[in-house]
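Those sequence lines, one after another, are chains A and B. For the first sequence, the positions run 1 to 387 when my numbering is used. For the second sequence, the positions run 1 to 387 when my numbering is used.
Be a bit skeptical, because a hint or two may be false.
Which copy is meant is left open, because identical chains are indistinguishable; a pair holds if it fits in one copy or across any two.
Stated by the list, open to error - PhoX-like mimics (lysine-lysine), calculated; alpha carbons at most 20 Å apart, straight line:
1) K173 - K183
2) K155 - K173
3) K343 - K315
4) K369 - K173
5) K315 - K244
6) K315 - K369
7) K369 - K244
8) K90 - K155
Treat the hints as calculated values from the structure; they're not laboratory data.
Now for the letters of each chain:
Protein chains: 2
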Amino acid sequence: MTHRASLPSQLKLGFLGAGQLARMSALQAFRFGIQVAVFSDRPENEPVQFMTPHSSSGSFEDVSALVEFAKTCDVVTLENEFISSEILQKVQDLSGIPIYPSPRSFALIENKLIEKQTFEDAGIPVTPYQLVSTLEDLTTFGEQHGWPYLLKSSKGGYDGYGNETVRNFDEAKTAFAKLGGDKGHDILAEAFVSFTKELAVQVARNETGTMVYPCCETVQENHICVAVLSPAPIDEKYQKKAQKLAVRAVEAIDGKGIFAFEFFLTNDGEILLNESAPRPHNSGHYTIEGCITSQFENHVRAVLGIPLGSTIMNKPAAAMINLLGTHNRPAETDHLIRALSAKDGHLHVYGKVQSKTGRKMAHYTLLGKDVQQAYQQALSLSKNIEI
Amino acid sequence: MTHRASLPSQLKLGFLGAGQLARMSALQAFRFGIQVAVFSDRPENEPVQFMTPHSSSGSFEDVSALVEFAKTCDVVTLENEFISSEILQKVQDLSGIPIYPSPRSFALIENKLIEKQTFEDAGIPVTPYQLVSTLEDLTTFGEQHGWPYLLKSSKGGYDGYGNETVRNFDEAKTAFAKLGGDKGHDILAEAFVSFTKELAVQVARNETGTMVYPCCETVQENHICVAVLSPAPIDEKYQKKAQKLAVRAVEAIDGKGIFAFEFFLTNDGEILLNESAPRPHNSGHYTIEGCITSQFENHVRAVLGIPLGSTIMNKPAAAMINLLGTHNRPAETDHLIRALSAKDGHLHVYGKVQSKTGRKMAHYTLLGKDVQQAYQQALSLSKNIEI
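With the hints as extra help, turn the sequences into a complete structure.
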């Protein structure tokens, strides 16, 4: 890994994916005078395609198209987990263009089974799990860890897609088939954990150092993050523990880039790693205004190999509300007046062309002195927004 | 003027000009999910052209090209003073697309003589001036107000271009000819003012209200702004006076958009309006991190007709250093490590293709507790940067 001390103006950062995470990262790349290219696997115009003349589309499995794209860039980075590490490795080898986070790091987390083993080996407590291959395994796991439990496809999965909650053997059997267990796909059973909070920590890392963000709380509804509170309203010792585990996790995969780690704080005061993401994460959107250096800026800094910025919060507290689509219609953000008029309220709209009920369309961050108060205010200020 | 409560995702904001001011404004437009189009009068690729697929080039005097461009946008705005209000009015009338700041507002300040009269009529003290039409006028002005004094072309002028300091009649005669006084161009004589500080205040205004930024100090070398300190290290009563005059000035021209006003604080404790700009201004770059809402965000909010954001500072003090080109070469920002590693230091590179000695290429903002200390630190952290 080389340490960069210079930013040529023609430097081009390529994103594999063109959604809101690439968009917010691109905005930071632009601040450094860097050019941005995107490779999208969607036929429709995606948000970032309105922000750069350097945009291509194609399949995430088309190695030669990906290689051609990479050759137009100086560094390539990810915004999702939809391209296999094997393909990423080929693209890097054939194009000669570095991809960060590296295919090697990604290989350690793309498969949920390997991910769990990687982190367990590094001494990081994870939620109890098991590879289930037969119908008998489904019963055994339920008997050992209790019902309900979760079945997860070991590959893919995003915002709860690829996850199924099963309350009994019949549901387990149906979910197992739905997730492809019948066809030999690796399926993971994961015990339900009784938790008091869901937490997240972002970590930026490259050859110049490691920067860990505050431990925040994520509020989930139907497996979708609806709000983030930072710092998490929990005892500081738990915050520090989660931060320590997050740093250990990024070191375990020798990560270069920005990473997010999601934890459960259990009823017993244990902190268990639940999921990881090798990219900017919804739990870190509040850092745009909430921290001296946003997760997106540190993502860009990290993959370019320049020094990382401070992750200290600008104000004592931040609350972020995800604004999910309320209609199926051409996107339009309505009833904004209250949210825009609030003193330390910050609106981000992702520029998606179509709104769909439940789709992540925008977010709203409110900074303040007290995190619970900021959360309640942010909810109130944003509740009329239709999108 | 209509008050907007909704942001359709396909809304397109057009910039007349494609330099760093349009660039930084575009970054804020993108945050609201808005699309950006630029019309550049330069043959080379300008910074914003790397940030949007909607880019055209042409002459700022070609009404039909400007009309065609405007028709692709929902709202058009300015990033410079290079298009006459007469042409702007025609473009607005023929395209049916609103331009903000309005051609009517701009007509009151584009000509330095009319500008002075507009602000004087509003009760705002300005530097002593006179229209000079003959060589005799040059002598008379020198005798009345003392030598040296300034000769200014009444139209155009930017970073000291179009301004000449004259120390005696011979210099005045030469400068008068150089500025086109011989050819009947309106030339303004302006008295040298003995000042202790140069100040600037940005004001955002639209139908939803008016927001005034802190009064900052601009540090000038050879008529080029090299640094900005905010708040200005002067008695608060002078800060408030300058803010009050700036608000009065924007009201005098019924401004919609962001405006910057530059003042002299004289040895006698008077505050005199020196120049105005109907656009984001170099003196307000520090607001990106320094204030809750940056001048660029409030510019976008103002011209779209949505509520303006708070202008309160995020930290007690901010210092901004302009990073001027140190070489004539393809642009490259070198020796960045110290600046990037500073805790609350923020680097912005404008993405210009070519560096030229003295050209505005980038800027560096440092936030802190004390403005003089922040200024000294920012100078020290950025002094090694070559660009």
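Hints the structure violates: just list their numbers, smallest first.
4, 5 and 7
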